[in-house]
Amino acid sequence: MTIHAPEQLIEELKKLVDEGKVRTDADSLANFGKDWTKIYEPKPLAIVFPKTTEQVQAIVAFANEHKLGLVPSGGRTGLSAGAVASQGEIVVSFDYMNQILDFNAADRTVRCQAGVVTQQLQDFAEENGLYYPVDFASAGSSQLGGNLSTNAGGIKVIKYGMSRDWVAGLTVVTGKGDVLELNKDLEKNNTGYDLRHLFIGAEGTLGFITEATMKLTRKPDNLTVLVLGLNDITNTMDVLRTFQQSMDLTAYEFFSHQAMQHVIAHGGTSAPFDADAPYYALLEFEATSEQKMDQALELFEKCVEEGWVVDGVVSQSETQLNSLWRLREGISESIAPHTPYKNDISVVVSKVPAFLTEIDAVVREHYPDFEIIWFGHIGDGNLHLNILKPAALAKEDFFKQCEKVNKWVFEIVERHRGSISAEHGVGLVKKDYLEYTRSPVEVAYLKGIKQVFDPNNVMNPGKIFDL
Amino acid sequence: MKVLVAVKRVIDYNVKVRVKADNTGVDLTNVKMAMNPFCEIAVEEAVRLKEKGVATEIVVVSIGPKTSQEQIRTALALGADRGIQIETDEEVQSLDAAKLLKAVVDKEQPQLVILGKQSIDSDNNQTGQMLAALAGMGQGTFASEVVVDGDKVNVTREVDGGLVTVGLKLPAVVTTDLRLNEPRYASLPNIMKAKKKPLESVSPADLGVTLSPRLTTLKVEEPPKRAGGIKVGSVSELVEKLKNEAKVI
Ligand SMILES: Cc1cc2nc3c(=O)[nH]c(=O)nc-3n(C[C@H](O)[C@H](O)[C@H](O)COP(=O)(O)OP(=O)(O)OC[C@H]3O[C@@H](n4cnc5c(N)ncnc54)[C@H](O)[C@@H]3O)c2cc1C
Numbered sequence: 001m002t003i004h005a006p007e008q009l010i011e012e013l014k015k016l017v018d019e020g021k022v023r024t025d026a027d028s029l030a031n032f033g034k035d036w037t038k039i040y041e042p043k044p045l046a047i048v049f050p051k052t053t054e055q056v057q058a059i060v061a062f063a064n065e066h067k068l069g070l071v072p073s074g075g076r077t078g079l080s081a082g083a084v085a086s087q088g089e090i091v092v093s094f095d096y097m098n099q100i101l102d103f104n105a106a107d108r109t110v111r112c113q114a115g116v117v118t119q120q121l122q123d124f125a126e127e128n129g130l131y132y133p134v135d136f137a138s139a140g141s142s143q144l145g146g147n148l149s150t151n152a153g154g155i156k157v158i159k160y161g162m163s164r165d166w167v168a169g170l171t172v173v174t175g176k177g178d179v180l181e182l183n184k185d186l187e188k189n190n191t192g193y194d195l196r197h198l199f200i201g202a203e204g205t206l207g208f209i210t211e212a213t214m215k216l217t218r219k220p221d222n223l224t225v226l227v228l229g230l231n232d233i234t235n236t237m238d239v240l241r242t243f244q245q246s247m248d249l250t251a252y253e254f255f256s257h258q259a260m261q262h263v264i265a266h267g268g269t270s271a272p273f274d275a276d277a278p279y280y281a282l283l284e285f286e287a288t289s290e291q292k293m294d295q296a297l298e299l300f301e302k303c304v305e306e307g308w309v310v311d312g313v314v315s316q317s318e319t320q321l322n323s324l325w326r327l328r329e330g331i332s333e334s335i336a337p338h339t340p341y342k343n344d345i346s347v348v349v350s351k352v353p354a355f356l357t358e359i360d361a362v363v364r365e366h367y368p369d370f371e372i373i374w375f376g377h378i379g380d381g382n383l384h385l386n387i388l389k390p391a392a393l394a395k396e397d398f399f400k401q402c403e404k405v406n407k408w409v410f411e412i413v414e415r416h417r418g419s420i421s422a423e424h425g426v427g428l429v430k431k432d433y434l435e436y437t438r439s440p441v442e443v444a445y446l447k448g449i450k451q452v453f454d455p456n457n458v459m460n461p462g463k464i465f466d467l
Numbered sequence: 001m002k003v004l005v006a007v008k009r010v011i012d013y014n015v016k017v018r019v020k021a022d023n024t025g026v027d028l029t030n031v032k033m034a035m036n037p038f039c040e041i042a043v044e045e046a047v048r049l050k051e052k053g054v055a056t057e058i059v060v061v062s063i064g065p066k067t068s069q070e071q072i073r074t075a076l077a078l079g080a081d082r083g084i085q086i087e088t089d090e091e092v093q094s095l096d097a098a099k100l101l102k103a104v105v106d107k108e109q110p111q112l113v114i115l116g117k118q119s120i121d122s123d124n125n126q127t128g129q130m131l132a133a134l135a136g137m138g139q140g141t142f143a144s145e146v147v148v149d150g151d152k153v154n155v156t157r158e159v160d161g162g163l164v165t166v167g168l169k170l171p172a173v174v175t176t177d178l179r180l181n182e183p184r185y186a187s188l189p190n191i192m193k194a195k196k197k198p199l200e201s202v203s204p205a206d207l208g209v210t211l212s213p214r215l216t217t218l219k220v221e222e223p224p225k226r227a228g229g230i231k232v233g234s235v236s237e238l239v240e241k242l243k244n245e246a247k248v249i
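Protein sequence lines, in the order shown, are assigned to chains E and Y. Residues in the first sequence are numbered from 1 upward in steps of one, following the numbering used here. Residues in the second sequence are numbered from 1 upward in steps of one, following the numbering used here.
Do not take every clue at face value.
One side only, chain Y facing chain E, incomplete, derived with CB under 10 Å [claimed, not checked]: (1) D12; (2) K32; (3) M35; (4) P37; (5) E40; (6) T74; (7) A77; (8) L78; (9) D81; (10) Q109; (11) E182; (12) Y185; (13) S187; (14) I230; (15) K231.
Calculated from the model, a selection of chain E residues having no Cβ within reach of chain Y, i.e. all distances over 12 Å [said to hold, decoys possible]: (16) K43; (17) T52; (18) T53; (19) D221; (20) I233; (21) T319; (22) V348; (23) E358; (24) Y367; (25) E371; (26) K395; (27) C402; (28) E403; (29) K407.
These aren't lab readings, by the way, just hints derived from the structure by calculation. Even glycine gets a Cβ: it sits at the ideal position worked out from N, Cα and C.
In isolation and in its complexed conformation, chain E is listed as follows:
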């Protein structure tokens, strides 16, 4: 191998893709070198925009030859710095691989390039009388490749599962440069290890996902949202249990009064009712008949009688459904100006009440001066705990203080056999804490797998773990 000057490498790189599809201007380097996190300084060598799987393969071969790091880049809405290029890597963006290639009505599947935006797939499904159920506030920007590489969850997991559950097949380019067709879109295919699931959630450390066949399902019928005011944080689970005993929910979210205040201050929606409650639950179901609605009303009454719920409203139209959802979906965006330190932790549902009580005690003790925003996909046992930076405190000092508290939070997570990253992945942000959730022996196996697919460590080096 000969060491090339950066300019020479960039010239070589340009030969592998279409005209104009390598960028090195300062704007592009800054934009494409980072994701939603604001912790690391972006420092990529170049940004390259392939248009085909073959071009991706050529880029991988090039990286192996020159021992260069590659950072796969989707919609860059990731929250763990998985798509951050801070050590002179080449960013491989899927912005120009954004075509929906094929729709198979009989199989109810759709073949997409990795750069298809989540909402583009949702809209396509809807236009064809079907439904793609994976959804979250960033769906308008995030890409399928990013969704699958983080195995994104979101607001419908309680009924529809994670992104993983909607993948019929994948085309990948491994870190070694091989193109693999994984699972061939089959429903049943028990022929040894299912490599598809290794690439899902791999955060781009094993190779590139270049195409995916996604499953679709029937549209839900008359989705209806209730927003309930709760007396206490542990009532979230009482209410969940009560409803789940007799009906299927399509979503169950919770948020604190403070969280809601930020959304309302941000504009575009208003409080659901006059009575203040410290916490709110948002639940969604298919109100397919009047009986279903009556049933929901009875369950609500029971929750009020038990003293768990103070008041509640129900959406009477899709407009109201959307504005009630905004109360929950608008949280991340409304607190973003406060440079939040984000925790995305989970335990099994049965442990949530004890878990929340312990977390609450710890953050009260260790963050007395910081504003804490509670929300999350609590129906899945998933809590998004956000700590807001006081305006006067420097970013570095703030993150340092938060990292100190991490130890206390993650010890509780570990004790409850939970996860330090429920759905956002590990990336750079959580890699120091991986062993609170995965044992050292297990991590050694992970590294072994990485070695198989990417022996030269060109794929997203330094993400999830250091080798």
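Using the hints, position chain Y with the ligand against chain E.
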């Protein structure tokens, strides 16, 4: 003071409307229906008048198929006291709607009738005006503020380029514009209470009205498809395109 509010069941504002293949109308099969947004505002205004002690009773009326009882129940949950459904599966055009409402006005003798300025399905913007004419009442249309003052109501109207405030003698007809108020959500306890509120069903014949549509719909078409957007690579490219292609800056 008794207030009569008219509400209409229409395709939900958020639903993507699909035109039937034969262009005779809009496809309504399995489509989510809801209360017309301007009618929601009308109900909200009546409820606020009641909360202020100005209104004593709110009667809500809807014309349409049996399912329009759902929208009456919603209005009852929001604070109306009693409902009247004028049940018909026929097409109801503005003049017929106004005649039916006039019959209800004769029976109920409200001091104030509040309607939406238009329904988002047919977009006619006629019923309130026709009703005022038939009932011999004054009309304050496109209201952005309603203040009842003794035997008068002052209605601030949104007109091109500004606001006009008119004073009307009661009884009067008011039609609502978007900025009049922000409707509340139906609370669950109130939905339960609404189930027990009286809802009477009558037919157009009961009210002495024979529906006589005067218009025939010749054709319904979708608007032309919008041209796709383009992605720009940089701020300078964006500025360049806004200047030279879109010619907006
Ligand atoms: C407001 C907001 C709300 C959010 N809500 C949720 C939520 O509810 N649930 C949830 O799970 N997440 C949520 N997220 C996180 C984020 O949106 C998801 O992780 C999303 O799936 C990331 O997609 P992306 O295309 O933006 O990925 P990026 O950020 O671009 O990348 C994510 C990871 O995938 C890798 N990658 C990207 N494309 C490829 C590819 N083609 N091949 C291989 N690797 C690739 C990247 O290297 C990186 O490691 C939220 C984020 C925001 C900003």
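Going down the list of hints, with the structure as the test:
Interface hint at D12 (chain Y): satisfied, since its Cβ lies 5 Å from the closest Cβ of chain E, which is below the 10 Å cut-off. Because the beta carbon of K32 (chain Y) sits about 6 Å from the nearest beta carbon in chain E, less than 10 Å, this interface hint is met. The closest approach between the C-beta of M35 (chain Y) and any C-beta of chain E is roughly 7 Å, which is under the 10 Å cut-off, so the hint is satisfied. The beta carbon of P37 (chain Y) is positioned within 10 Å of a beta carbon in chain E (closest approach about 7 Å), and the interface hint is therefore held.
The beta carbon of E40 (chain Y) comes within 8 Å of a beta carbon in chain E, closer than 10 Å, and the hint placing it at the interface holds. Hint status for T74 (chain Y): holds, given a least beta-carbon distance of 5 Å to chain E, under 10 Å. The restraint placing A77 (chain Y) at the interface with chain E holds, with a minimum CB-CB distance near 8 Å, inside the 10 Å limit. Given the 10 Å rule on beta carbons, the hint for L78 (chain Y) holds: about 9 Å separates it from the nearest Cβ of chain E.
With a cut of 10 Å, the hint placing D81 (chain Y) at the interface with chain E is violated, because the nearest CB-to-CB distance is about 18 Å. Taken as an interface hint, Q109 (chain Y) does not check out: its beta carbon lies about 30 Å from the nearest beta carbon of chain E, beyond 10 Å. For E182 (chain Y), the interface hint holds, since its Cβ comes within 10 Å of a Cβ in chain E; the closest pair sits about 6 Å apart. Evaluation of the Y185 (chain Y) hint against chain E yields a held restraint, the C-beta minimum of about 4 Å falling below 10 Å.
Taking 10 Å as the C-beta cut-off, the interface hint given for S187 (chain Y) holds, the closest approach to chain E being about 5 Å. Of the supplied interface hints, the one on I230 (chain Y) is violated, with its beta-carbon coming no nearer than about 13 Å to a beta-carbon of chain E, more than 10 Å. Satisfaction of the interface hint for K231 (chain Y) is found here, the shortest Cβ-Cβ separation to chain E being roughly 7 Å, below the 10 Å cut-off. Listed as a non-interface residue, K43 (chain E) keeps its Cβ farther than 12 Å from every Cβ of chain Y; the least gap is roughly 19 Å.
Every beta carbon of chain Y lies more than 12 Å from that of T52 (chain E), the smallest distance being close to 18 Å; the non-interface claim holds. Even its closest Cβ contact with chain Y, about 21 Å, leaves T53 (chain E) beyond 12 Å, as expected for a residue assigned away from the interface. Remark: the non-interface label on D221 (chain E) conflicts with the geometry, its nearest Cβ contact in chain Y lying 8 Å away (cut-off 12 Å). Distance check for I233 (chain E) against chain Y: the nearest CB is about 21 Å away, which clears 12 Å, and the non-interface claim stands.
Not every CB of chain Y is more than 12 Å from the CB of T319 (chain E) (nearest about 5 Å), against its label as outside the interface. With a least CB separation of 30 Å from chain Y, V348 (chain E) remains clear of the 12 Å interface cut-off, as annotated. For E358 (chain E), the requirement that its beta carbon stay farther than 12 Å from each beta carbon of chain Y is met, with the minimum near 32 Å. For Y367 (chain E), the shortest C-beta to C-beta distance to chain Y comes to about 33 Å, beyond the 12 Å cut-off, and the non-interface label holds.
Taking the minimum C-beta to C-beta distance to chain Y, about 27 Å, the non-interface status of E371 (chain E) holds against the 12 Å cut. Distance to chain Y confirms K395 (chain E) as a non-interface residue, since its nearest Cβ pair spans about 25 Å, more than 12 Å. Under the 12 Å C-beta cut-off, the non-interface status given to C402 (chain E) relative to chain Y holds; the minimum distance is some 33 Å. Taking the minimum C-beta to C-beta distance to chain Y, about 35 Å, the non-interface status of E403 (chain E) holds against the 12 Å cut.
Every Cβ of chain Y is farther than 12 Å from the Cβ of K407 (chain E); the closest lies at roughly 42 Å, confirming the non-interface assignment.
The structure shown violates the earlier hints numbered 9, 10, 14, 19, 21.
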